[in-house]
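Engineer: Given next are the chains, with one letter for each unit.
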Amino acid sequence: MADDWEIADESARLPHRPPGAEDTAVVRFERVGLRYDVGPEVFRDMSFTLPAGSFHFLTGGSGAGKSTVLGLCYLSLRPTRGLVTLFGHDVSRAPTRLLPRLRRRLGVVFQDFRLIEHLSAMDNVALPLRVAGVPEPDIRRHVPELLAWVGLADHLEARPSTLSGGQKQRVAIARAVINRPDLLLADEPTGNVDDRIAMRLLHLFEELNKLGTTVLIATHNEQLVRRFAHPCLQLNHGALTLRQPEPPQPRPGPRPAGGLQGGRMDRP
Amino acid sequence: MRSDIPLSRDRNARLVPVLVGVMVFLAVLAASGALALDNVLDRWRRDVTGTLTAQIQAAPGLGAEARAATDRRVALALEALRGHPAVASARALDDAELTALVEPWIGAGELLDDLPMPRLIDITLRPGAGGDTASDVARALAAAVPGASLDAHRLWLSRLMDLGEALGLLALAVVAVVGVATTLAIIHATRAGLTAHRPVIEVLHLIGAQQDYIARQFARHALTQGLKGGLGGFMLALPVLAGVGWLAAQVEGGLIPRVGLSPWDWLWLVLLPLGAAGLSMLTARVTVLHTLSRMP
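In the order they appear, the protein sequences are chains B and A.
Residues 1 to 268 (the UniProt record's numbering) are what the first sequence spells out, left to right.
Residues 1 to 296 (the UniProt record's numbering) are what the second sequence spells out, left to right.
Calculated from the structure, these hints are not laboratory results.
Treat the numbers as computed from the prediction; the structure is a model and nothing was measured.
Glycine included, every Cβ here is placed at the ideal spot set by N, Cα and C.
Accuracy of the hints is not assured; some may be wrong.
Label-pair restraints from in silico Cβ distances [unchecked claim]:
1) A:R9 x B:R78: 50 to 56 angstroms
2) A:M235 x B:S164: 47 to 53 angstroms
3) A:R191 x B:E136: 45 to 51 angstroms
4) B:E145 x A:W264: 45 to 51 angstroms
5) B:G33 x A:H290: 42 to 48 angstroms
6) B:R97 x A:R9: 28 to 34 angstroms
7) A:A166 x B:R97: 49 to 55 angstroms
8) B:M199 x A:P296: 55 to 61 angstroms
9) A:P296 x B:P40: 37 to 43 angstroms
10) B:G151 x A:R191: 37 to 43 angstroms
11) A:L236 x B:S164: 47 to 53 angstroms
12) A:L289 x B:P40: 33 to 39 angstroms
13) B:G33 x A:R9: 53 to 59 angstroms
14) B:L98 x A:L236: 33 to 39 angstroms
Covered, in the sense of this in silico footprint (three residues per stretch, anywhere, with C-beta under 8 angstroms from a C-beta of chain B), are these stretches of chain A [claimed, not checked]:
15) 196 to 203
16) 209 to 222
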């Protein structure tokens, strides 16, 4: 099995995917449990699937573990139990050599942005392209284009420390989407921007989604979730439930309690 | 070259060139000492191996009669030596050569007439002569001519050469220790750099940078630092070497052979700072790869 990981061509690996896994699953959690050191389990038996091309919100109160779920997706954390597969690869068993290639298919907007302080906005956004070895002329063409699109045309050479919170966030988002990721993970991407820009960013994510990028956005902004009709994974006390989008007409009353289960949820 | 990690701004990293400089300075001094010593030893070795000097006492008395007696002794000695199987050739030094030898000590003049000068015979041994050849030749000589002796300088010089070789090894050990110390210092500096820039490295890691991409930046930085320090240390060592060379040249009278370095020796010395820079680069690279391989 281990040798199969060495095959670079994605299609060549298809027969070796775990039995029963959907070929279109970009992210798949099966009975995932996670504990830090000797502490109690943060999650138990968490299962869900993000099919290719899907768009999900991930909601839950602060401390519910939204960032932890994302961390498991972008390979910063490894499950202590269960199975996490990313693009069909069991992340716990994938060889270290393969991980950078998997990570390059991701775009991540970190909650704290994680911009590199001594690099200009332009160099920060160019980073995913540089580590992937994209030729410098292409970088110089695409990066300013994207920064202009997120409204930072005048800040190409600005250091992150000179930018406002909202501007930093847009740089972080530009860095996450510059390489047309197959999976976009965003942790509170609209936390620091006004509604107008939040809408604009969400539309950017939807555009990417239409082009085939699978999107998972962690947010506590219920308004946003309601305005964009996408399914929502709700985290509550370490348990995950899937809520399908409400009917397009906004209903003023309280939202359905508990949330609906089923649909894309995997029930083991 | 572009760098995503601001390594050149580390205070810690600024110490590295100084350290490499000091190390290379010491290594150059030790190595040039070893090389110069080896050159001296080489010359002595050439002088000593396969040659002996026999000394024939002058016949008592002065004047033509005594001289004739001494000449007869020399002839006898030459005959005995040339008949010995281990001797390739034997040649008596002529008057002019003898005079030249004693001139620095006694002065010029009709010395050989006034003094009962011993005569010297240069003996060249056949190649491959064994260790006890000298004493064998000495016995044969003493049996043939009374008052003839073989110069013992061979034994004396060989002891001196043992000492010289030990000193040479010591100098090389210093170079080796300096190399180890430099490696340890680079490992420490690289680890400090990795810790200081952990946030940046984590970001690079999470956006899919290969370990090699990160290691290359550290290695390139270490190479620059190593070159800077290494060449600096080398430059500092040059005046010291020139000073020592000048002092050695002041020692007159051929008491010690001329101390000097050949172009090949200089090549070895130039390799030291370059080697130190290469070592820095390699050490940094290995350290970074080792640390990164333990990241999630």
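Engineer: Hints first: check each against the structure and report whether it holds.
Structural biologist: Cross-check of the supplied hints:
no., hint, in the structure
1, A:R9 x B:R78: 50 to 56 angstroms, "violated (33 angstroms)"
2, A:M235 x B:S164: 47 to 53 angstroms, "holds (50 angstroms)"
3, A:R191 x B:E136: 45 to 51 angstroms, "violated (31 angstroms)"
4, B:E145 x A:W264: 45 to 51 angstroms, "violated (59 angstroms)"
5, B:G33 x A:H290: 42 to 48 angstroms, "violated (31 angstroms)"
6, B:R97 x A:R9: 28 to 34 angstroms, "holds (31 angstroms)"
7, A:A166 x B:R97: 49 to 55 angstroms, "holds (50 angstroms)"
8, B:M199 x A:P296: 55 to 61 angstroms, "violated (35 angstroms)"
9, A:P296 x B:P40: 37 to 43 angstroms, "violated (21 angstroms)"
10, B:G151 x A:R191: 37 to 43 angstroms, "holds (41 angstroms)"
11, A:L236 x B:S164: 47 to 53 angstroms, "holds (51 angstroms)"
12, A:L289 x B:P40: 33 to 39 angstroms, "holds (35 angstroms)"
13, B:G33 x A:R9: 53 to 59 angstroms, "violated (42 angstroms)"
14, B:L98 x A:L236: 33 to 39 angstroms, "violated (49 angstroms)"
15, 196 to 203, "holds (count 4)"
16, 209 to 222, "holds (count 4)"
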